[in-house]
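**Student:** Here the protein sequences come in this chain order: W and R. Numbering-wise (the working numbering), the first sequence opens with residue 1 and increments by one. Numbering-wise (the working numbering), the second sequence opens with residue 1 and increments by one.
Don't read these hints as lab results, they were simulated from the structure. In this text the structure is predicted, and so the values were computed from the model without any measurement. Glycine residues also receive a C-beta, built at the ideal position from the N, C-alpha and C atoms. Incorrect hints may have been included.
Claimed, not checked - So the derived label-pair ranges between C-beta atoms look like this:
id, chain 1, residue 1, chain 2, residue 2, range
1, R, 51, W, 159, 31 to 37 Å
2, W, 1, R, 77, 43 to 49 Å
3, W, 159, R, 74, 43 to 49 Å
4, W, 35, R, 20, 51 to 57 Å
5, R, 52, W, 173, 33 to 39 Å
Unchecked claim - Lysine-lysine pairs mimicking DSS-like chemistry, simulated, CA-CA at most 27 Å apart:
id, chain 1, residue 1, chain 2, residue 2
6, W, 274, W, 205
7, W, 284, W, 274
8, R, 127, W, 205
9, W, 205, R, 134
10, R, 127, W, 274
11, W, 205, W, 284
As the list claims (entries may be wrong) - Selected chain R positions facing chain W (in silico; Cβ < 7 Å):
id, residue
12, 30
13, 148
14, 149
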Amino acid sequence: MNVPHLHLILNHVPTIGTAIALGLLLLALFRRNEQLTRVTLELFCVIALLTLPAYLSGVGTGLALEKMEGISKEAIARHHDGALQSFILMVLTGGAAWLGVWRYRRVGSLSTANIVVVLVLALLTMGGLIPTATLGGEIRHPEMLAVGETAPTAPPAWLQASSVQRFVLDHTWVWPSLETLHFIGLWLLFGVIALVNLRLMGMMKAAPFSAFHRLLPWAALGLGINLFTGMFWVIATPEQYMTNISFGWKMGLLLLAGADLLYLTTFDGPWNVKEGDEAPAFGKALAVSAIALWVGVMYFGRMLPFIGNAF
Amino acid sequence: MNFIYQLQHTAAMDWFRESGSLVGYPLVLFLHTLGLGAVAGLSGALDLRVLGVAPRIPMTSLTRFFPVIWGAFGLSAVSGLILLIAEAEAKLSSPVFWFKMTFLALALVNMQVLRTRVFADPHVDSKPIGSQAKMLAVTSLLLWVAVTTAGRLMAYLEKGPIG
Numbered sequence: 001m002n003v004p005h006l007h008l009i010l011n012h013v014p015t016i017g018t019a020i021a022l023g024l025l026l027l028a029l030f031r032r033n034e035q036l037t038r039v040t041l042e043l044f045c046v047i048a049l050l051t052l053p054a055y056l057s058g059v060g061t062g063l064a065l066e067k068m069e070g071i072s073k074e075a076i077a078r079h080h081d082g083a084l085q086s087f088i089l090m091v092l093t094g095g096a097a098w099l100g101v102w103r104y105r106r107v108g109s110l111s112t113a114n115i116v117v118v119l120v121l122a123l124l125t126m127g128g129l130i131p132t133a134t135l136g137g138e139i140r141h142p143e144m145l146a147v148g149e150t151a152p153t154a155p156p157a158w159l160q161a162s163s164v165q166r167f168v169l170d171h172t173w174v175w176p177s178l179e180t181l182h183f184i185g186l187w188l189l190f191g192v193i194a195l196v197n198l199r200l201m202g203m204m205k206a207a208p209f210s211a212f213h214r215l216l217p218w219a220a221l222g223l224g225i226n227l228f229t230g231m232f233w234v235i236a237t238p239e240q241y242m243t244n245i246s247f248g249w250k251m252g253l254l255l256l257a258g259a260d261l262l263y264l265t266t267f268d269g270p271w272n273v274k275e276g277d278e279a280p281a282f283g284k285a286l287a288v289s290a291i292a293l294w295v296g297v298m299y300f301g302r303m304l305p306f307i308g309n310a311f
Numbered sequence: 001m002n003f004i005y006q007l008q009h010t011a012a013m014d015w016f017r018e019s020g021s022l023v024g025y026p027l028v029l030f031l032h033t034l035g036l037g038a039v040a041g042l043s044g045a046l047d048l049r050v051l052g053v054a055p056r057i058p059m060t061s062l063t064r065f066f067p068v069i070w071g072a073f074g075l076s077a078v079s080g081l082i083l084l085i086a087e088a089e090a091k092l093s094s095p096v097f098w099f100k101m102t103f104l105a106l107a108l109v110n111m112q113v114l115r116t117r118v119f120a121d122p123h124v125d126s127k128p129i130g131s132q133a134k135m136l137a138v139t140s141l142l143l144w145v146a147v148t149t150a151g152r153l154m155a156y157l158e159k160g161p162i163g
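Looking at chain W on its own, in the form it has when it is part of the complex (with noise of 0.2 Å):
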């Protein structure tokens, strides 16, 4: 299995899992079912992390696919552009959706004003992701085309991933305003983490796992500020992390922490652990692992440079 494979796998999980758990959501609204909204919401989370690596293994792709005869470029360009768009849109969908995870797990009950946001967003990703998929089709399925129409067929997307990286490479301050901002959000998340970990750990046991769990969205911010910085990288110089190792085990890392960051913030095991109680032993064991996994988050993206090649 290579990068390719991998786009070719994963690609499907944001376009039929945001349908689906679209489906779902109007369905549970329908149904007032509160249980299948919050798990919808859920879900939602879920898709947006797995949109990461469909979206990075698509760059992969189109490094690996701009170097053979009879591929154009501008169509893999313009699926570019469609997919980063697509995936802003799922990123901010998947927040939403936890913010409203985290607020019922907090409160008991769902915020309409919160549904409507991902309902919203949903549907603008899904209105992204159709010309985004067509487009990744015309790249290598000319049956696709009628007859005299030429790949892409789709119009230009509103933001360009030439244009991002123009950004970055055309400003010298930029590069090092993105990497302190990295370093910023590193610590935010995790000293959270680490904190709120230590607790199922059993540290301060005087306070129950609920009054750690209000520092989770900060935990949130941390992460979304490192991964709006480092898109920038990855659009601006996609070579040096698309064959680079470090960068798949800072990203596969990446993928089970953010995982138990959705653990901590949704499921009964730690939101159960009360004033005085120890955290159950599966508990520990992923307490233990999550502070492991950032540990190697970090080691990876410290090494892109040594192991792998970038700068």
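Dock chain R against chain W, hints included.
**Tutor:** For chain R alone, coordinates are given in the frame of chain W:
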């Protein structure tokens, strides 16, 4: 200062800087980053508590984090010192480095003041958090941002052998 320049040119430091071994420069750089994550991160999380983010965490239960933070700071300091010796000439002549050290000293003093004035007060959890404590939490966050910014810019505003 001469002593530190001599250290920079020892065989051990040449190996550390130039061997390309993963247990040389890259490992120490990673440990320095981990130290930043733990020191600024935990200190920042305590600041968020002082600012009222998670009011049900008793402040008294957080006092035991200060030794943890100082332990992590030990890791940062030792790894930082090795990184400094490896590129002593470039770092010590760089104003950004001295800005970083100044912000760092202020951030650590700020943290200790928060510890003794706010967290160590046995009645801290039975009264509202005062505006002075909140101000200290804000300056603490700003100082860690300043330390991080100066630290990151050291790689760009001075010419070391390794970016």
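**Student:** Which of the listed hints are not met by the structure?
**Tutor:** Failing hints: none at all.
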